[in-house]
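Can you build the whole structure from these sequences, using the hints too?
At position 89 of the sequence shown the residue is numbered 89 (this note's numbering), and the sequence of numbers has no breaks.
One should not assume that every hint holds.
As the list claims (entries may be wrong) - Derived lysine to aspartate or glutamate pairs resembling EDC-like cross-links, with alpha carbons at most 16 Å apart:
hint, residue 1, residue 2
1, Lys-47, Glu-60
2, Lys-47, Glu-81
3, Lys-46, Glu-10
4, Lys-46, Asp-31
5, Lys-47, Glu-58
6, Lys-6, Asp-30
7, Lys-6, Asp-18
8, Lys-52, Asp-31
9, Lys-12, Asp-38
10, Lys-46, Glu-60
11, Lys-52, Asp-38
12, Lys-47, Glu-73
13, Lys-6, Asp-31
14, Lys-46, Glu-58
15, Lys-47, Asp-30
16, Lys-12, Glu-60
17, Lys-27, Glu-10
18, Lys-22, Glu-81
To be verified - Label pairs and their in silico Cβ distance ranges:
hint, residue 1, residue 2, range
19, Trp-62, Ser-84, 28 to 34 Å
20, Ser-74, Pro-3, 37 to 43 Å
21, His-4, Gln-53, 18 to 24 Å
22, Arg-48, Thr-68, 17 to 23 Å
23, Val-39, Pro-3, 28 to 34 Å
24, Val-87, Thr-33, 43 to 49 Å
Worth flagging that the hints you see were computed from the coordinates, not collected in a lab.
Computed from a prediction, not measured in an experiment: that's the story for all the values here.
C-beta atoms are modelled at their ideal positions from N, C-alpha and C, and glycine is treated no differently.
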Amino acid sequence: MNPHRKVMIENKHIRVGDNSYKLTILKYIDDYTAYLSDVNSQFTIKKRFTLKQLMANELERWIVSSDTMNDPESSYFGQLERWSGVVRV
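Now the structure itself:
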């Protein structure tokens with residue numbers, strides 16, 4: 001075990017729409033690293049935060065953008081489904 005690493009959150013269940021993820025946040029000497037893993041695929045992404053205040057402000061936005069990266073087509077087609085069908089020329 002790394003003496004410079006502390007587990008802050010481990011395998012917290014996160015839902016974004018129909019997708020399920022597990023969130024783990026590790027604290028190293030002077031920063032935090034968040035890992036987000038899709039429970040139904042091998043998609044995993046990580047992000048390093050240098051300040052816990054920055055992490056608190058950015059974590060939710062990062063999770064949502066990571067979900068979009070996990071399935072970019074569904075985001076695009078979701079926008080099309082919400083489109084009113086009006087074309088302005």
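Outcome of the hint check:
The hinted pair formed by Lys-47 and Glu-60 meets the criterion: a straight-line CA distance of about 12 Å does not exceed 16 Å. Annotation: proposed proximity of Lys-47 to Glu-81 is violated, straight-line Cα distance about 31 Å (limit 16 Å). Restraint check for Lys-46 and Glu-10: satisfied, since their Cα atoms lie roughly 14 Å apart, inside the 16 Å limit. Distance restraint check for Lys-46 and Asp-31: the Cα-Cα separation of roughly 13 Å lies within the 16 Å cut-off, and the hinted pair is therefore satisfied.
A hinted pair counts as satisfied when its Cα atoms are at most 16 Å apart, and Lys-47 with Glu-58 qualifies at roughly 10 Å. Restraint check for Lys-6 and Asp-30: the C-alpha separation of about 11 Å stays at or below 16 Å, so the hint holds. Restraint check for Lys-6 and Asp-18: not satisfied, since their Cα atoms lie roughly 31 Å apart, outside the 16 Å limit. The suggested pairing of Lys-52 with Asp-31 holds, with an alpha-carbon distance near 8 Å, which does not exceed 16 Å.
With a C-alpha separation of about 12 Å, the suggested pair Lys-12 and Asp-38 falls inside the 16 Å cut-off, and the hint holds. The straight-line distance between the Cα atoms of Lys-46 and Glu-60 is roughly 13 Å, inside the 16 Å bound, and the hint therefore holds. Straight-line distance between C-alpha atoms of Lys-52 and Asp-38 comes to about 24 Å, which puts the hinted pair past the 16 Å bound. The hinted pair formed by Lys-47 and Glu-73 fails the criterion: a straight-line CA distance of about 23 Å is larger than 16 Å.
For the hint pairing Lys-6 with Asp-31, the CA-to-CA distance comes to about 11 Å; that is within 16 Å, so the pair holds. With a CA separation close to 13 Å, the supplied pair Lys-46 and Glu-58 stays within the 16 Å bound. Distance hint between Lys-47 and Asp-30 is fulfilled; the C-alpha atoms sit about 14 Å from each other, no more than 16 Å. With a C-alpha separation of about 13 Å, the suggested pair Lys-12 and Glu-60 falls inside the 16 Å cut-off, and the hint holds.
Proposed proximity of Lys-27 and Glu-10 is supported: the alpha carbons are some 11 Å apart, at most 16 Å. For the given pair, Lys-22 sits about 28 Å from Glu-81 by alpha-carbon distance, which is inconsistent with the 16 Å threshold. For Trp-62 and Ser-84, the hinted distance range of 28 to 34 Å is satisfied, since their beta carbons lie about 30 Å from each other. At roughly 42 Å, the beta carbons of Ser-74 and Pro-3 sit within the given window of 37 to 43 Å.
A hinted range of 18 to 24 Å holds for the C-beta pair His-4 and Gln-53, which are about 21 Å apart. Checked against the hint of 17 to 23 Å, the pair Arg-48 and Thr-68 passes, with Cβ atoms roughly 20 Å apart. Checked against the hint of 28 to 34 Å, the C-beta distance between Val-39 and Pro-3 comes to roughly 30 Å, which is consistent with it. Roughly 45 Å separates the CB atoms of Val-87 and Thr-33, a value that falls within the hinted 43 to 49 Å.
Against the hints set out earlier in the document, violations occur for numbers 2, 7, 11, 12, 18.
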